[in-house]
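Novice: Okay, here's what each chain looks like letter by letter:
Number of protein chains: 2
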Amino acid sequence: MPHIVLNSAEPGIRGLLRYRPETADPLSELAEVLLRGPGTLTRGERELIAAYVSALNDCRYCASSHAACAAAQLPGGMAVVEQVRADPGAAPVSAKLKALLVIASAVRHSGRAVTAEHVVAARAAGATDAEIHDTVLIAAALCMFNRYVDGLATVAPDDPAAYAAGAQRLIMHGYLPPPADPGREE
Amino acid sequence: MPHIVLNSAEPGIRGLLRYRPETADPLSELAEVLLRGPGTLTRGERELIAAYVSALNDCRYCASSHAACAAAQLPGGMAVVEQVRADPGAAPVSAKLKALLVIASAVRHSGRAVTAEHVVAARAAGATDAEIHDTVLIAAALCMFNRYVDGLATVAPDDPAAYAAGAQRLIMHGYLPPPADPGREE
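Those sequence lines, one after another, are chains A and B.
92 is the number that our numbering gives to position 112 of the first sequence; each next residue is one higher, with no gaps.
132 is the number that our numbering gives to position 152 of the second sequence; each next residue is one higher, with no gaps.
In case anyone wonders, no lab produced these hints; they're calculated from the structure.
Beta carbons: idealized from backbone N, C-alpha and C, even for Gly.
Be aware that a few hints might be false.
[Said to hold, decoys possible] In silico lysine to any residue, SDA-like type, Cα no more than 20 Å apart, as pairs:
id : chain 1 : residue 1 : chain 2 : residue 2
1  : A       : K76       : B       : I(-16)
2  : B       : K76       : A       : I(-16)
3  : A       : K76       : B       : V(-15)
[To be verified] Simulated DEER-style distance windows between Cβ atoms:
id : chain 1 : residue 1 : chain 2 : residue 2 : range
4  : A       : G57       : B       : G57       : 53 to 61 Å
5  : A       : A75       : B       : T108      : 48 to 56 Å
6  : A       : D67       : B       : P159      : 43 to 51 Å
7  : B       : E2        : A       : P157      : 17 to 25 Å
Taking the hints into account, I'd like the entire structure generated from these sequences.
Specialist: Rendered as structure tokens:
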């Protein structure tokens, strides 16, 4: 049961976005830009970084949601997501993505845990400065979202189908809230 | 030296906001709503929560910046900020703020570390659901900003006067970037 009285029964961050629209706007825009906006990391790769950090933070709602989004957008599907979660170094992803996952794991621990060696290794594997920047910010942002979702004890569905359906909605409509229906105002 | 090549010499998050305007917009808007927007926690109290979490995360730039903003907006000034950092339970702040600082410290560790007992104690000290919500999100957001700033190894000024001057700018102009100067386009 959530720690505070929300104004909907929506699970995870969705209930929090509904509760506080003033913060929902920038939070949704941040997720949209980072995970779906223009960039050289694919949307699947970015969702994989988000799922990986959320799993390390033990945030069931975010880990399941982003895993479903990654699985739906990566060639290898959920098998790759699960291999990354179990052992990213051995997973069938590019050397560049492996190096970025190492950086994401360091960020999850602390910003100060990211070393020059991590960055050199990512560059050697082909990562650009923009990709390193975005990886650090995706990992940092998930450290916020995970704490927000669990710090208020929001509910997380048990059924994997709920996350798969959510992923399809996200892939279709994105993270931004739908525009208000002008018909409702009249 | 920052891990990536930035396009300015601005310190801390300012250089990162300049580097990636697409993410700067939602990040700035989030800080503005949470730390300065309408709310029943004073701006000084909110900056104090931000400074406290940043100090726990050992992020020198954010801890110094938010401490300066808190000091400039709290009746007790920097002395109170330093007492909170040293021992929040003994600092001369309200029982409500003490209880919210306990929640912020838990969030900093992990969202799952926030217990029903923490929330009951905050309510007993007079905190509303909206204040508990905002405390969790402020603490979570600082866990993002701290990791962003340190994960890319941005520079932090040594001179306390730099942070005090930054606080005055923030109090005057807020966290949103200034509107583009239309004269420049012509």
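Novice: Evaluate each hint against the coordinates.
Specialist: Outcome of the hint check:
1. K76/A to I(-16)/B: Holds. K76/A to I(-16)/B sits at ~16 Å (cutoff 20 Å).
2. K76/B to I(-16)/A: 16 Å, holds
3. K76/A to V(-15)/B: Satisfied, since the Cα-Cα distance of roughly 19 Å is no more than 20 Å.
4. G57/A to G57/B: 53 to 61 Å: 57 Å Cβ-Cβ, so the 53 to 61 Å window holds.
5. A75/A to T108/B: 48 to 56 Å: 50 Å, holds
6. D67/A to P159/B: 43 to 51 Å: Given range 43 to 51 Å: holds, Cβ gap about 49 Å.
7. E2/B to P157/A: 17 to 25 Å: 18 Å, holds
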